[in-house]
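K.L.:
Chains as they are written, first to last, in this note's numbering: chain A, 1 to 138; chain B, 1001 to 1408.
Rather than coming from a laboratory, the hints here were simulated on the basis of the structure.
Hints may be right or wrong, so weigh each one.
[Said to hold, decoys possible] Here are some of the chain B residues that sit facing chain A, going by a computed Cβ distance under 10 Å:
# : residue
1 : M1232
2 : G1319
3 : F1372
4 : E1386
Positions of the beta carbon are idealized from the N, C-alpha and C atoms, including for glycine.
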Amino acid sequence: MAYSDKVVDHYNNPRNVGSFTKDTPGVGTGLVGAPECGDVMKLQIKVNVETGVIEDAKFKTFGCGSAIASSSLATEWLKGRTVDEAAKIKNTDIVNELKLPPVKIHCSVLAEDAIKAALADYKEKWSQAEAGRESGAS
Amino acid sequence: MALKLPIFMDSQSTTPVDPRVLEAMLPYFTEKFGHPASRNHPFGWEAEGAVDRARGAIAGLVGARDPKELVFTSGGTESINLALKGVAEMYREKGNHIVTTVIEQRAGLDVCKRLERQGFEVTYVPVGADGLVDPEALRAVLTDKTILISVMLANNEIGTVQDAAAIGKLAKEKGIVFHVDATQAVGKVPVDVEAMGIDLLSCTSHMLYGPKGVGALYVRRKNPRVRLAPMMDGGGHERGMRSGTVPVPLAVGFGAAAEICRQVMPEESRRLAGLRDRLQDAILSKVDEAYLNGHPERRLPHNLNISFAYVEGESVLMGLNKEVALSSGSACTSATLEPSYVISALGVDSELAHSSIRFGLHRFSTEEEVDFVGRRTVEVVTRLREMSPLYELAREGVDLKTIKWKAE
């Protein structure tokens, strides 16, 4: 199967590969997919808790070239967005940008799931922390 | 000598035509173009003679006593179709049960599925972790309705070579027709239809340095005489089993290729097994948690199949495909997300089935190529592991089986 130039570029030069320590303030982690399905994505965002802006994003992916490219692209798009803006990224945006063929659409779906999971994890961990601080409990 | 890229290491898919084979074929396109069934003039006699010599060479390679037992077809897929459907139709009154294995190539499995829809019962015998069929497990599923046992001699992914002689003995004892899909094995490892008790044997030219578009089916004529219902109606060529003009240049090429294989096989097998071991060592000595798939000894000399834990096969191929033509055992390119059914049948973890890479050496493979491919494979796997969340978790000491994965 021929890959688009953009997929090849992300595969050869993946952006933002790496990990944040999970309990760093403002870090949200999404781990989606399953090894037996041949795709696992870990996507992390580091949010400025004051402004709600995603200051950094990292990924690690087990999967085909399109899965690697989808998650690499997702980290690029996440940086600089607010948490609310990030929630609007759709898998179809990824499909269009990377020109994914129909058999690879599931890679973009997984990337969208990873974004949502990372955002949910962030909200669960750090919104609670904020709320906790406000109410005076710890 | 400078390395020429890309390197072909996918010889289980096809092989290049040996230049000697091409040379043998050429006169049969323009000068000696007669129809082998034309009985009344020298053009026909010449073509018939050439086809019969080719038949003899193939018979010699598979140990057939009589060249007439070889029927030319269009290739392995047609041979398998003719064998399975031909027996099913011809022996239907005797029974409707067929026994095969779970690791057959698609042609074998798909014909069986069609036969099931037509009312036949098919038992798919499992294989062990090394890819071997246990003849006793096979014996256990036979019934008085079993008319056919069909087993591939060497597997196209893992290269495991079955104990055909043991299965042949069992088939003979029970009076059941025994078909062997030997498309990957013929010309690579010794095949002897007499010693192995084989009644039907499918093979193809382009796996043994002959042209594409021609194959053969060995059909036993004595002890027992096997009868087949033809799939193609027409002029009654090939003893009535396969009507249609035999493609003389292709058949001549197949014969020439078989003759070369018969002569060079012992030496070539040794050389390729040496290169295969060199490649295997180069990879396994540098990559942790890389596993050999298939039987470590009973295997094709030119075949190597390795699973790399924590990386996905297609991504490994993507890192190599500009320089090396390889195939992944994994069927990830399909929309099903199903890993290789052959590797899965070995009982390995499914993520390892997604991580298998098949290397196929051939007559023209060199040591330089092997060293290059070994080195590049290690580099690509190492790079992909650096970006694999599974590798990271495993290094942190997390047992991946304890994680509740959120699959799509």
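K.L.:
For every hint, state whether the structure bears it out.
P.N.:
Taking the hints in turn, this is what the structure says about them:
no.: 1; hint: M1232; result: 34 Å, violated
no.: 2; hint: G1319; result: 8 Å, holds
no.: 3; hint: F1372; result: 19 Å, violated
no.: 4; hint: E1386; result: 7 Å, holds
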